[in-house]
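Enquirer: Taken in sequence, the protein lines are chains A and B. Counted from 1, the first sequence has number 81 at position 74 by the numbering used here; the numbering is strictly sequential. Counted from 1, the second sequence has number 27 at position 25 by the numbering used here; the numbering is strictly sequential.
Don't take every hint at face value.
Said to hold, decoys possible - Heads up, simulated DSBU-like pairs for lysine-lysine below, C-alpha to C-alpha not over 35 Å straight-line: (1) K51(B) <-> K71(A); (2) K27(A) <-> K71(A); (3) K73(A) <-> K60(B).
Said to hold, decoys possible - Some chain B residues judged to face chain A by a derived CB distance under 7 Å, without partners named: (4) Y34; (5) Q104; (6) T112.
Keep in mind the hints are simulated off the structure, nothing from the lab. Don't be surprised by glycine CBs; every beta carbon is placed ideally from N, CA and C.
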Amino acid sequence: GAVVSQHPSWVICKSGTSVKIECRSLDFQATTMFWYRQFPKQSLMLMATSNEGSKATYEQGVEKDKFLINHASLTLSTLTVTSAHPEDSSFYICSAFGRRGDSGANVLTFGAGSRLTVL
Amino acid sequence: AQSVTQLGSHVSVSEGALVLLRCNYSSSVPPYLFWYVQYPNQGLQLLLKYTSAATLVKGINGFEAEFKKSETSFHLTKPSAHMSDAAEYFCAVSGHAIQGAQKLVFGQGTRLTINP
Numbered sequence: 008g009a010v011v012s013q014h015p016s017w018v019i020c021k022s023g024t025s026v027k028i029e030c031r032s033l034d035f036q037a038t039t040m041f042w043y044r045q046f047p048k049q050s051l052m053l054m055a056t057s058n059e060g061s062k063a064t065y066e067q068g069v070e071k072d073k074f075l076i077n078h079a080s081l082t083l084s085t086l087t088v089t090s091a092h093p094e095d096s097s098f099y100i101c102s103a104f105g106r107r108g109d110s111g112a113n114v115l116t117f118g119a120g121s122r123l124t125v126l
Numbered sequence: 003a004q005s006v007t008q009l010g011s012h013v014s015v016s017e018g019a020l021v022l023l024r025c026n027y028s029s030s031v032p033p034y035l036f037w038y039v040q041y042p043n044q045g046l047q048l049l050l051k052y053t054s055a056a057t058l059v060k061g062i063n064g065f066e067a068e069f070k071k072s073e074t075s076f077h078l079t080k081p082s083a084h085m086s087d088a089a090e091y092f093c094a095v096s097g098h099a100i101q102g103a104q105k106l107v108f109g110q111g112t113r114l115t116i117n118p
């Protein structure tokens, strides 16, 4: 239980194009989703926190217009990298927080990540 | 504010030997502490977490960690390393909740290598 699906797992795009990454909670309702960025051999850096139906809260230094986050439903959040450039190439990971319907327990689960390469 | 420091970006042990990965934290409020494992090109898997209950926490795959407030530490151990333990390990801290959710601050990670 408490599965988070992230898609796509790999994406290659041309510089200047936009890329959308999806994060879905499959068996629980995610009231909050977190988006992280991870550079090679480095730690995870929180980019933003999104609550369902609200605007995302971005961490200092993260460009809101560059990284668009939408959390329109309790099972789906999307990260759109707009006008991507090679420096946006990275591993993007989402995590979802919510309450399981069966046990009522809180869960925090990570997606498998999406590797973005911008040519 | 919270922060985590993992001592040693790379740890190498022999198969069957003790694994010790060090983590020290800083938190202005009582912390929640976590250890995650990451295999190449994958997301994070929770190994164990401390949430103010027992100070010795047992997790999956034979790992355990002990919360020591006086030392502000939460070191991860495993008595006998397996080849399958080779991965990147992250310590994380959460000091408060955002509408019930946990905002995690991660350490820089420790790469564990197991020698046959």
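Enquirer: Under the constraints set out in the numbered hints, which ones does this structure not fulfil?
Expert: 3, 4, 6
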